[in-house]
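Peer 1: For reference, the chains in residue letters:
Number of protein chains: 2
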Amino acid sequence: MSVTDDVLKNNQQYARSFNLGNLPTPPARKLAIVACMDARLTIEALLGLKTGDAHIIRNAGGVVTEDALRSLIISHHLLGTQEFMIINHTECGMLTFQDADLKEKLRHATHTSVVAPETFHAFSDLETNVREQIEKVKSHPWIPSSIPVRGFIYDVKTGSLTEVR
Amino acid sequence: MSVTDDVLKNNQQYARSFNLGNLPTPPARKLAIVACMDARLTIEALLGLKTGDAHIIRNAGGVVTEDALRSLIISHHLLGTQEFMIINHTECGMLTFQDADLKEKLRHATHTSVVAPETFHAFSDLETNVREQIEKVKSHPWIPSSIPVRGFIYDVKTGSLTEVR
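Protein chains in written order, with our numbering: chain A, 670 to 834; chain B, 670 to 834.
To be clear, the hints were calculated from the coordinates, so they are not data collected in a lab. A hint or two may mislead.
Which copy? The list can't say, so a pair holds if one copy fits it or any two copies do.
Unchecked claim - Capping the alpha-carbon separation at 30 Å, the derived lysine-lysine pairs in BS3-like fashion look like this:
#	residue 1	residue 2
1	Lys678	Lys719
2	Lys678	Lys772
3	Lys678	Lys774
4	Lys699	Lys678
5	Lys807	Lys719
6	Lys699	Lys807
7	Lys805	Lys678
8	Lys807	Lys774
9	Lys826	Lys805
10	Lys772	Lys699
11	Lys774	Lys699
12	Lys807	Lys678
All chains should be built: construct the whole structure from the sequences, respecting the hints.
Peer 2: Shown next as structure tokens:
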């Protein structure tokens, strides 16, 4: 059985005891989070959030890409979130390669050259990366300066968040 | 207390009973999911996934943007995932506006014109949108055709996934 079929069976069980059908669309806690897609991060669990509490935006690295900005702008302007958190983590895969090497590997393996993605956003220092992501959000003219934007590193060995200042 | 400070307290409690410090970087179930950032979707819970099982990529709408493709390519080529799922959902905020109107509202409210995001990816039909996202993944030359890419609509009233074929 494929993994997809297996998790669809899990979903049938989830739906049988589902009692959250009346949650409103805007997040209850008015919080939006940008975090890495990494499998070791279950964002709701590690922040003690319940279903319905927060918008959760995730991509490779927890990078504030154009797409993450798009999501944050929609989150705030259409759905009322008022605080943003950015979460990167130790042992991130994005620390283990360089964009140019990965592009070359993919070009070689597939005999194709590709327009998008233009960049893979690999990075070499976690704290510097978190600070840059905060800056990208804060400097966007469609994100009000009144919104707190705080950045964190999650330690995959301990389960703890440390703020990057 | 800010919501951020409050969830940081929750994280201290999470870390105290944390026992997942030995998970490897590659997702145990070799699965990557693209889903909406909507607060009503707790992806791990609704699919019965454990911490460490799957890459979870989320944005406004669960759209296969350039950034989602970037994440899927890294997920497969660097971290070995072999199945992809795309999850949109009923009552999605992306069904409630049009890109041009939102841009005009933001320009008017902030007296700025902005280069990025270029588009907000609003859509008018869920099933059509899911099919388009599947197609975007399947047609990318850096995603092997051997990877199953299946798309679903999550019903926020019932907790159930329905496959879009």
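Peer 1: With reference to the structure, classify each hint as holding or not holding.
Peer 2: For each hint, the structure was consulted:
Proximity of Lys678 to Lys719 under the C-alpha cut-off of 30 Å is found in both arrangements, the shortest distances being 23 Å within a copy and 15 Å between copies. Taking the closest pair of Cα atoms, Lys678 and Lys772 never come within 30 Å of each other, the shortest separation being 37 Å inside a single copy and 41 Å across copies. For a Cα distance limit of 30 Å, the shortest separation of Lys678 from Lys774 qualifies neither inside one copy, at 37 Å, nor across copies, at 43 Å. Proximity of Lys699 to Lys678 under the C-alpha cut-off of 30 Å is restricted to the inter-copy arrangement: shortest distance 17 Å between copies versus 32 Å within a copy.
Only within a single protomer do Lys807 and Lys719 lie at most 30 Å apart by alpha-carbon distance; the minimum there is 27 Å, versus 34 Å between protomers. Taking CA atoms no more than 30 Å apart as the test, Lys699 paired with Lys807 passes inside one copy only; the shortest distance there is 18 Å, against 35 Å between copies. Only between protomers do Lys805 and Lys678 lie at most 30 Å apart by alpha-carbon distance; the minimum there is 26 Å, versus 40 Å within a single protomer. In this assembly of identical chains, Lys807 and Lys774 lie within 30 Å of each other by CA distance solely across copies; the values are 20 Å between and 35 Å within a copy.
Taking the closest pair of Cα atoms, Lys826 and Lys805 come within 30 Å of each other only inside a single copy of the chain (28 Å); across copies the shortest separation is 36 Å, beyond that limit. When the C-alpha separation of Lys772 and Lys699 is checked against a cutoff of 30 Å, the pair qualifies only between copies, where the shortest distance is 22 Å, while the shortest distance within a copy is 38 Å. In this assembly of identical chains, Lys774 and Lys699 lie within 30 Å of each other by CA distance solely across copies; the values are 21 Å between and 42 Å within a copy. For a Cα distance limit of 30 Å, the shortest separation of Lys807 from Lys678 across copies, 24 Å, qualifies, whereas the shortest one inside one copy, 42 Å, does not.
Hints 2 and 3, counting from the list given before, are not met by this structure.
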